[in-house]
Every structure is written in structure tokens, then in C-alpha cells.
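In case you want the letters, here they are:
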Amino acid sequence: MDDPISSPGLTRRSFLRASTVLAASAAAVTASLAPLRKLGQFTTSDEFLQKYYKEMTPEEMKVVLARIENEVEHQYGVRPHLRDFKPMNGVEFVYALNLSRCVGSRQCVHACVAENNQSRNPEIQYIRVLKMPNDGTFDLEKSEVSYDSKAVPEAGSFYLPVQCHQCRNPPCVKVCPVKATWQEADGITVVDYNWCIGCRYCEAACPYFARRFNWSTPSIPKEQINPNMSYLGNRPRYKGVMEKCHFCIQRTRAGRYPACVEVCPTGSRKFGNILDPNSEVSYILKNKRVLILKEELGTLPRFFYYFDV
Amino acid sequence: MEPNRKTSLVLAALTAGFAVLAYAFAQVPAVPAAPARPPLVPVDTLAGVIPPGTIRISAAQLASSGGDTSGLNCYACHHQDSPPLIKFDDQHRIVLPKEHADLIFSMRNCVECHAANDPVKLEYKDDGSLVMPAAHQGLLKMAHGRNLRNENCYNCHDPNQLDQLHTPEGAKLKFDQATLLCAGCHGPTYRDWEAGVHGRTSGHWDRSAGPIERQQCTSCHDPHAPAFTSLIAMPGPHLRVRTP
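Top line first, the protein sequences correspond to chains A and B. When the letters of the first sequence are read in order and numbered with our numbering, they come out as residues 1 to 309. When the letters of the second sequence are read in order and numbered with our numbering, they come out as residues 310 to 553.
FYI, nobody ran anything at the bench for these hints, they're computed from the structure. Here a beta-carbon is modelled for each residue, glycine too, at the ideal position from N, C-alpha and C. Mixed in with the good hints, there may be bad ones.
Claimed, not checked - Pairwise CB distance ranges, derived in the manner of DEER restraints:
{"no.": "1", "chain 1": "A", "residue 1": "Met61", "chain 2": "B", "residue 2": "Gly493", "range": "32 to 42 Å"}
{"no.": "2", "chain 1": "B", "residue 1": "Leu431", "chain 2": "A", "residue 2": "Pro221", "range": "25 to 35 Å"}
{"no.": "3", "chain 1": "A", "residue 1": "Lys86", "chain 2": "B", "residue 2": "Leu489", "range": "35 to 45 Å"}
{"no.": "4", "chain 1": "A", "residue 1": "Ser219", "chain 2": "B", "residue 2": "Pro442", "range": "23 to 33 Å"}
{"no.": "5", "chain 1": "A", "residue 1": "Pro221", "chain 2": "B", "residue 2": "His495", "range": "36 to 46 Å"}
{"no.": "6", "chain 1": "B", "residue 1": "Ser438", "chain 2": "A", "residue 2": "Asn287", "range": "43 to 53 Å"}
{"no.": "7", "chain 1": "A", "residue 1": "Gly136", "chain 2": "B", "residue 2": "Gly493", "range": "31 to 41 Å"}
{"no.": "8", "chain 1": "B", "residue 1": "Pro544", "chain 2": "A", "residue 2": "Lys222", "range": "16 to 26 Å"}
Please put together the full structure from these sequences, using the hints given.
Below, the structure written as C-alpha cells:
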């Protein structure tokens, strides 16, 4: 029985049978995995191996910017001009919003969407305009966000637009487990969309409901893409990452006003450098009655509401 | 032979399993047909974002928005005997000079009816309110402030020279200097405006990077009825996320 010749381990028949089964199963595995090839957008190795924003050298950043420009052009069909704007020296941004003048026209909301390449569907908007009953309350639970007025302002109401308050003590930054969001030297809290893991802790931590999550891949019509893009700002986001108002980094770090300021029909929105004593915001903090939202939480916002008249 | 047979059985079962999987994938389209995703806000609505929601329109805005400038009468302000050089574009519309960037053109030109130096006598009712001349009915709404004393044409217009303005102190002002006239009564607002805090600002917060663009009082306010009328609100948010 132990004679290798009378009982060979491998006969022609067993070899053919085994190899047929193996070939068939290999073919079946390949066939069953075939649909994966059509999934499209895989993370490239370059993207996967990209370094943390703060650890990148300018040369490495240049390579990353070029790569993302190609990705955006491939996905949206528009060649963007993507830059990495750095904070300016001696600048700290502050926002002031005049509650006496705001009429709730929501022009800021849509100018922001257009400027910052926000997803049109599912709809992502950074600014929420709250319609508040003008009966002595400041209870946000009594506000209405989806008011559908024929004409604004409506009698008996005032309007309270809310967006990221760019806190000096930001709870969202504290809770991020991977440091994908941080406060820059000019006061803007930014998100690195390539570093965010999408855990949404920051969304839960923000008391102003200022952070938005991309539940699916953003959809933006080609003709509505704003090609003037910044790395930490308005470049298209990925599925599964957080985003938020960044004071239009691509405009404000080039010395211009944010889109919401430019478009406000009543001039309720004011923006500037608080370290400059001659700026509009310095004048407002000096001369107007100023308040901040949810002061008791100790978030120290850079976003002030004020009254005149 | 027992273990060999077991192996063959397992392999055959796996093969059958993968074959079934492959068949199932072949049945389901690999890329599900993307549901049509219309933009939630029509593009036409967005186009309305850029021009300001103001009541009146400055010459620059009118020209840049492609508005009809053919009805403008330059001689409403300029003297006919020393005419300014008026340029026309290829469609015979007036090309507006830079100096007129902040100048407001009303629907009608006063000099169509009034000679510049022909004062009009105003009439008042018993309660002191102004009788709106019949020719102004429907053209001009007089609603400047809450006091009757404000409803007087000659508070601002010079009765002896209708193409210019005058202050209560008697200083003469051109139409494009109206902001200074407004400042005479609205001091605190003028102070805010000078600081850039009242009214729209656009352009550059960093003055070293570029200019700031300011509006004059009459760019946004109708001097005869300065209170803002209501605006049409842009569409609100769709609170439910639409998923495929």
C-alpha cells in the first residue's frame, strides 16, 4: 500500500479534476468581484499617503494642490484655480451683524452656496436665517427656519441669521479625534477635508449648528462651479467629511469681503480686522450695543450681533 | 480517499456559491442609474442674487445690467447751451460716464415740465399737509418721515433753481451731493455711514489690497419716501435630505 507506484498521490485524473475546480472557482471569484471595477472613484495611493496639512512643506503642498486640481477637473469638468491661502500677519477677523437692519431676504444664504461650491442636492447651506417672534423672547426654540413669506420683513418678527461663529474657544476643535479641524492665526476655524474621518463629533459639539456633513457625494452643476478655490475653503468636498463656514478664506485672505457681506441688500453684515482700530468692526464694537449668542457656554464667538436705531 | 472527497465537495460548493454570486451581480446593474437630481434652487432664482435688492438704480448699475438708457435726458442737469459730449454705443444707447457711477436717474426728468429757474408755488391743506400737484400723482410718493414739516419740496430743492438742492443754511448743492444734504438732519446715520457701518460695503476690507465700494444715500433710499419697502425672500432650506 505504501508503494508510491501502485498508489500514486497524484494521478492524471485527480490532477485534471483539481485543476478544473480551481480554474472554475478562480473564474467565479473574478466574475463576482467584477462590479467593484465599476465603483469608480477609488482613493488613489497619493491621496491615501497625503501628509497632515500642518506637516506639509510648501513643495509637498504644491504637488497636492496640482493633484486635487486634476481630481476636481476630472469630476466636475471645470479646471479650478486652487491655492492655499495663509493667514495674514496682524489680522484677526471679526463679523458683526445688525439685527435692526436684517430683513431676512436670505440673499446671503444663496450667495454663500454659489461662492463656496456647496452641494446643491443634497442641499448644504452654511447660513440659517431664523425668523424670531418679536414678543420679547430670545428662545431659539421658538424660531422658524423655513419661513415662506411672500414679502420680508414680516410684521411682528425679527431675523437672526446664524452661521459659524469662529469661536475663540471652539468646542468643535476640542472634540476632533484626529485634529482635522483647528483654529488658524487669523481666527478662522478650518477643516482639512483630506484628514477628516467623518465621525461628526464636531457637529454634535457645536452649539450653533454650524457644521454640515456630506452624507453623499456633493452634486454641483458644472456651470455653477466657482473655480477660484482654496485648499481649506471652498474646494469641492468629499462624501463623508464635515464642512462649515470659513469666512470665505479664498476672498478674505486676499483682502476682499466675504460673499454674504457683498450681497446683503440692507448692509446688515459687516466684516473686518478687529486689530485695525479704523475698521468697521472696531467702530461697531466701540459704539454699538453688541451681543453674542449663547454667551453662557463660554465659546467666545468672533461673531457679534448688534443694534442701532 | 475520504479527505480528498471532502475537499472536492468544499471546492464544488464554493464554486457554486461564487457562480450564484456572479449571476446575482450580473442581474443587478453594476452602477445603479443615478436618480435625476435637479438643482433645488432654479438657476434663474440665483441670477437674482447679484443685483442689490434696492428700489432705485444708479446709472452704473443700469448700464452694467444692460438696462435701457435711451430715455435718459442729460439736459435735466446739464445746461443746453453748454452741452456735455454724449457718447453712444453701437446700439444707440448712451454710454454713461464714470462720474455718474453714484448718480441716480429717476423715471422722469423734472425739466420735461419745469423750467430750471421757474419756481413753483406750493399749496397746503388746512392741516398743514402739502397738496400733491396733480401732475405728480402716481409719479411721486411723498413719505419722508412722520412729520408734516418734512413734506415740503423746498426743504431740499432750491425753489429758484430746480436743478439743484439747497441746505436749510442756504448752501447750494448739486444732485450728486445729496448725501451731504441728508447729513444735515441725519447726523448719527451719516456718522455711521462715514465709518462704513451704515449701508452696503463691497470690495476690499483690506484697503491696501484694493478699493472699497460705497453707496450714496440715494442709491438705496428714495429721497421722497426713504423707508425700505419689503423684499422678496429667496427660497428657504429643504430640511429633509433628499437621498436616492
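So the hint says 35 to 45 Å: do the beta-carbon atoms of A/Lys86 and B/Leu489 match that?
Holds, at about 42 Å.
Determine whether the Cβ-Cβ distance between A/Pro221 and B/His495 falls within the hinted range of 36 to 46 Å.
45 Å Cβ-Cβ, so the 36 to 46 Å window holds.
Indicate whether the distance between the beta carbons of A/Ser219 and B/Pro442 respects the range 23 to 33 Å.
Taking Cβ atoms as reference, A/Ser219 and B/Pro442 lie about 58 Å apart, which means the hint is violated.
Range hint 32 to 42 Å: satisfied by the CB atoms of A/Met61 and B/Gly493?
violated, 56 Å
Could you check the hint for me, namely that B/Leu431 and A/Pro221 are 25 to 35 Å apart, CB to CB?
Given range 25 to 35 Å: violated, Cβ gap about 57 Å.
Range hint 16 to 26 Å (beta carbons of B/Pro544 and A/Lys222) holds or violated
Holds, since B/Pro544 and A/Lys222 (Cβ atoms, about 22 Å apart) stay within the stated range.
Is it true that B/Ser438 and A/Asn287 lie within 43 to 53 Å of each other by Cβ?
violated, 37 Å
Quick check: does the Cβ-Cβ distance between A/Gly136 and B/Gly493 fall within 31 to 41 Å?
holds, 36 Å
Consistency note: the structure conflicts with the earlier hints numbered 1, 2, 4 and 6.
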